[in-house]
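In my numbering, the protein residues as written are 945 to 1647.
In short, the hints are calculated from the structure, not lab data.
Quick caveat, the model's predicted, so the values are computed rather than measured.
Hints may contain errors.
Pair ranges (Cβ atoms, derived) [claimed, not checked]:
hint, residue 1, residue 2, range
1, Q1274, R1155, 40 to 46 Å
2, N955, D1077, 37 to 43 Å
3, P1361, Q1271, 18 to 24 Å
4, N1138, V1275, 21 to 27 Å
5, D1077, T1309, 52 to 58 Å
6, D1544, E1353, 16 to 22 Å
Here are the simulated lysine-lysine pairs, DSS-like style, with alpha carbons at most 25 Å apart [as the list claims (entries may be wrong)]:
hint, residue 1, residue 2
7, K1051, K1617
8, K1601, K1537
9, K1537, K1570
10, K1601, K1631
11, K1378, K1163
12, K1192, K1165
13, K1378, K1393
14, K953, K1206
15, K1378, K1601
16, K1601, K1527
17, K1527, K1378
18, K1601, K1570
19, K1073, K983
20, K1617, K1631
21, K1163, K1371
22, K1281, K957
23, K1371, K1387
24, K1527, K1387
25, K1073, K1631
26, K1192, K953
27, K1206, K1192
Built from N, CA and C at the ideal position, the CB exists for glycine as well.
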Amino acid sequence: MLVPIFTLKLNHKVNPRTVAIGHYDGTHPALTCGTAAGKVWFLISLICTTLNNYFSFCIFFIHEGKPHNISLKFPSCKNNILCLLFIFTNGCLCQCPDGANALTIGKLGSIESPLAIVGGNCSIQGYNKDGEDSFWTVTGDTVQSLCLLDFNNNGQNELIVGSEDFDIRVFQEDEIIAEMTETEIITCLCPITNARFGYALANGTVGVYDRSTRYWRIKSKNQAVSIHAYDLNGDGVPELITGWTNGKVDARSDTTGEVIFKDNFNQALAGIVQADYRMDSSAKTGDQLLCVSVDGEVRGYAPATGGPGSSLMDGNVEQDTIRELSQRKQVGCSDVKSYSLSGSGIGELGSGTMGMIPANTQLQTTLSVNTGDQTKPVSHHYNHLLIFIFFISDTIIRAVLIFAEGIFEGESHVVHPNNQSLSSNLKVPIIPPKDIPVDLHIKALIGQKNSTQYHVFELTRQLPRFSMYNLVNSETTPDPRSHVSFTLNERPQRMLMWINQNFLLHEDLSCEGDLYFTFVSLRGAGPLKLRMSHQGQVAIHTDDMDVAGDVIQSLAQFLNIDDLQTTADFPVETETLRQILIKVDEFHRVRSKLTAEMADHSNLIRSMVVRAEDARIMGDMRSMRKGYMELYDLNRDLISGYNIRCQNHNELVACLKQVNQIIQKAGRVRVGKFKSQVISSCRSAIKNNNTASLFKIIYTGMA
945 MLVPIFTLKL
955 NHKVNPRTVA
965 IGHYDGTHPA
975 LTCGTAAGKV
985 WFLISLICTT
995 LNNYFSFCIF
1005 FIHEGKPHNI
1015 SLKFPSCKNN
1025 ILCLLFIFTN
1035 GCLCQCPDGA
1045 NALTIGKLGS
1055 IESPLAIVGG
1065 NCSIQGYNKD
1075 GEDSFWTVTG
1085 DTVQSLCLLD
1095 FNNNGQNELI
1105 VGSEDFDIRV
1115 FQEDEIIAEM
1125 TETEIITCLC
1135 PITNARFGYA
1145 LANGTVGVYD
1155 RSTRYWRIKS
1165 KNQAVSIHAY
1175 DLNGDGVPEL
1185 ITGWTNGKVD
1195 ARSDTTGEVI
1205 FKDNFNQALA
1215 GIVQADYRMD
1225 SSAKTGDQLL
1235 CVSVDGEVRG
1245 YAPATGGPGS
1255 SLMDGNVEQD
1265 TIRELSQRKQ
1275 VGCSDVKSYS
1285 LSGSGIGELG
1295 SGTMGMIPAN
1305 TQLQTTLSVN
1315 TGDQTKPVSH
1325 HYNHLLIFIF
1335 FISDTIIRAV
1345 LIFAEGIFEG
1355 ESHVVHPNNQ
1365 SLSSNLKVPI
1375 IPPKDIPVDL
1385 HIKALIGQKN
1395 STQYHVFELT
1405 RQLPRFSMYN
1415 LVNSETTPDP
1425 RSHVSFTLNE
1435 RPQRMLMWIN
1445 QNFLLHEDLS
1455 CEGDLYFTFV
1465 SLRGAGPLKL
1475 RMSHQGQVAI
1485 HTDDMDVAGD
1495 VIQSLAQFLN
1505 IDDLQTTADF
1515 PVETETLRQI
1525 LIKVDEFHRV
1535 RSKLTAEMAD
1545 HSNLIRSMVV
1555 RAEDARIMGD
1565 MRSMRKGYME
1575 LYDLNRDLIS
1585 GYNIRCQNHN
1595 ELVACLKQVN
1605 QIIQKAGRVR
1615 VGKFKSQVIS
1625 SCRSAIKNNN
1635 TASLFKIIYT
1645 GMA
C-alpha cells in the first residue's frame, strides 16, 4: 500500500490547472500555484512568497541549469495576454496579445534554444529566454493543450497540439505530420515515454496514444483536471497519473489502462507535478510526485520500493474489487442457470417464445444518402445518411445499438421500435459532423414476434470520409465561384479509385476520357466538382475552403504526395479577409485612442486628489466636496472606458482568430513544404502590413 510521504496545507485556494515547479535560484524547487485571490504563490520548503499578478489558466517555467541564472516565469493573465516576467525583478519581457490558453517549455525541432510555446486563438508562438518571437504557426481552432514529444523518433521534439475542434495535431516545427480526431475538446496532453503520450477530453475521457494509434481510453462521469507521467510503482516505466474533479487521483498502466493506485482528496484536484521537493540527498528514489487540490492540500508520493509483486492499492480497495468480482460471478452463474432452464423448457414453451430463429439468419446493412422529401413540409425535409438494417428471414428486430465516435452524443445510439412497428428491417438516420472516416459498430436484437429472449447480431461498417456528399448531374449543377487547381503526375484512373473509396456511392464510378464528377454537400456547403484531364490538370470547384482542404489532404495521402503546390482562387474568403483586416486596423486605432485617454485621466486624477486633499487640510469643505465629486465623475468615466476597451479587445481577438483560420485554410490547400511556406509568408505579410502580398500568397502560394 502506497501512502503520502508528506502532506502540506497551503491555506490558499488554488485555481485548477495553475500548478507548476520552478527553480528560481537554480537549485531549490519551488511549488508555484495560482490562487483564487489573483496571485501567483511560491513555496520553497517552508518559505512562502507571493507575487501579485492576474492570471487565468497555466503556469510553466524555464531554467537553463546554471545555478546563478535567473529563471523566467510565464503566467497567463486574466485578460488572456501572456506576460514574460523576470521572477526577482518582476519585469515584463514580452506580451502575447493573441491570447495564451496553453503553455509548454522545451526545445522544438532544430531550434537550438528552449522556447516558451504559447497556444492562443488558432495561433502558436514560441518565445526564447530574451522574449523574442522565434516560432509561429497556426492551427484549426483555439488551442487548449500542448506538449513536446519525439513523435517520429528522429532525435528532435515535435509539438503535440490539442484544440477546440476536437483534433490532435502533430507539428514538426511548422509542418503538420499527423492528425487524430477525438470526440471532445482536448483539455490535457502529456508525454509518457518514447512516442507515447496521454490525453484528456472535456467529457471525462482519458487515454494514451502511441504515435497515431490509440492504445486505450476510459470514460468517467467526472472531468480530468490534470494528467502527468510518473513511475509510481518503480518498474522503470511511467504510469499515467490523473487528477479528477471529484478529488480522486489514480495511476494507470500506460499499455492497458489498468488502475494500479488510487487515492482521494476532499476537494477537486488543481494540478499534478513532480520534483525533488524535499532535497533529500540520502534518498535514492529521485523526484516526488506532488498532488495539489483546490483547497490547498498538497500530498507528496515517492516511487514504491517493494518490488514488482508489491501492491500499491489500499487493502479496502482490494476488498472492494474482490467483492465486485464475486457479484459478477453470481450474476454469471445465474445466467448459466437461466440458459439451462431455457434449453430444457423449449418443448413446453415453444421455440417462438424462446427466440429460436433460422440457422441461416444474417444481419445485413446498406448505406444510402437521403436528400429529403420535397413534397413534405420544411420541418420534415432534411439531408442525412440512412442505415438500412434488415434480415432475410421471418424475424423481427427488437432493438438496435450503434456505437460510433463523434456522431452520437455519448458515442452511442439506441433505436427501440414500439410493438406496433416491429418488422424485419429498420432505418436509422445519421449525420456525421465532419468529413472523417467513421466505424459504425452495430448490434441488433432479433427474434420472433412473441419472443421473450433475443439473439444479438453484430456487424461493423465504415462510413467513407466524404459520405455526406451526394452524386448529382454535372450538367444541371452550376459551377461554384471558387476553385483550386494543380497538376498531378498521375492518370485519371488513380483519382477515380480515390473517389470510389472516399465517397458513398451505389456502385463504383468509371470514366473513359477526362474525369468529371459533381457532388452536393448535405450540410449546405454547395456543389463540389472534381475534374482531371489526361495531362494531369486537376481542378476542385467548391465555395468552401475547408472542403477543398479536406479533399486535397485526403487525395495527397492516397497518392502518397509529400509536396504539392496549388493555385487557390476563393474570392469570398479573400473579401472576408479584406473586411476583417479593415476592422483590425480600426480596433487598433480605437485601442490606441482609449489608452491615451486613460493615461490623460490617470494624470488628471493625481492632480485632482492632491487639490482635494489640500482643500480638506485647509478646511475648505466646499472645494473639497466639489473636487471629490469631479473625481467621482472622472472615475466613472474611467470605468466606462475600461468596459469599452474590454469589448474592443474581445472583438479584436475574434477578428485575429478569423485571420488565423483563413491562413490555416490557405495552408491546407497545399501539402508539405508549400503548406509551411504559405503560413510563414502570410505571417511575414501581416507583420509588414502588406495586404496585397497577403492576398497574392493565398492565391498563388508564393510571395
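- Range hint 18 to 24 Å (beta carbons of P1361 and Q1271) holds or violated: Once the Cβ atoms are compared, 33 Å apart, the range 18 to 24 Å for Q1271 and P1361 is violated.
- Task: Verify the proposed pairing of K1163 with K1371, using a straight-line Cα cut of 25 Å.
- Result: Outside the cut-off at roughly 29 Å; violated.
- Quick one, are K953 and K1206 close enough, alpha carbons at most 25 Å? Satisfied, since the Cα-Cα distance of roughly 21 Å is no more than 25 Å.
- Task: Given the hint that K1601 pairs with K1527, test it: the Cα-Cα distance must not exceed 25 Å.
- Result: holds (13 Å)
- Message: With the threshold set at 25 Å, check whether the alpha-carbon distance from K1206 to K1192 stays at or below it.
- Response: Given that 25 Å is the threshold and the Cα spacing comes to 7 Å, the pair holds.
- Item | Pairwise beta carbon distance, N955 to D1077, judged against the given window 37 to 43 Å | Given range 37 to 43 Å: holds, Cβ gap about 39 Å.
- Message: Please verify whether K1617 and K1631 have alpha carbons no more than 25 Å apart.
- Response: This hinted pair holds, its Cα atoms lying about 21 Å apart.
- Message: Run the distance test for K1371 versus K1387: straight-line Cα separation, threshold 25 Å.
- Response: Holds. K1371 to K1387 sits at ~14 Å (cutoff 25 Å).
- Message: Just to be careful, I want the Cα atoms of K1601 and K1537 compared with a cutoff of 25 Å; is the pair within it?
- Response: holds (23 Å)
- Hint consistency between K1192 and K953 [alpha-carbon to alpha-carbon, up to 25 Å]: Holds - the C-alpha atoms of K953 and K1192 are around 18 Å apart, at most 25 Å.
- Message: With the threshold set at 25 Å, check whether the alpha-carbon distance from K1601 to K1570 stays at or below it.
- Response: violated (47 Å)
- Query: Does the Cβ-Cβ separation between Q1274 and R1155 fall within 40 to 46 Å?
  - Reply: holds (42 Å)
Of the numbered hints stated above, those contradicted by the structure are hints 3, 4, 6, 9, 13, 17, 18, 21, 22 and 24, listed in ascending order.
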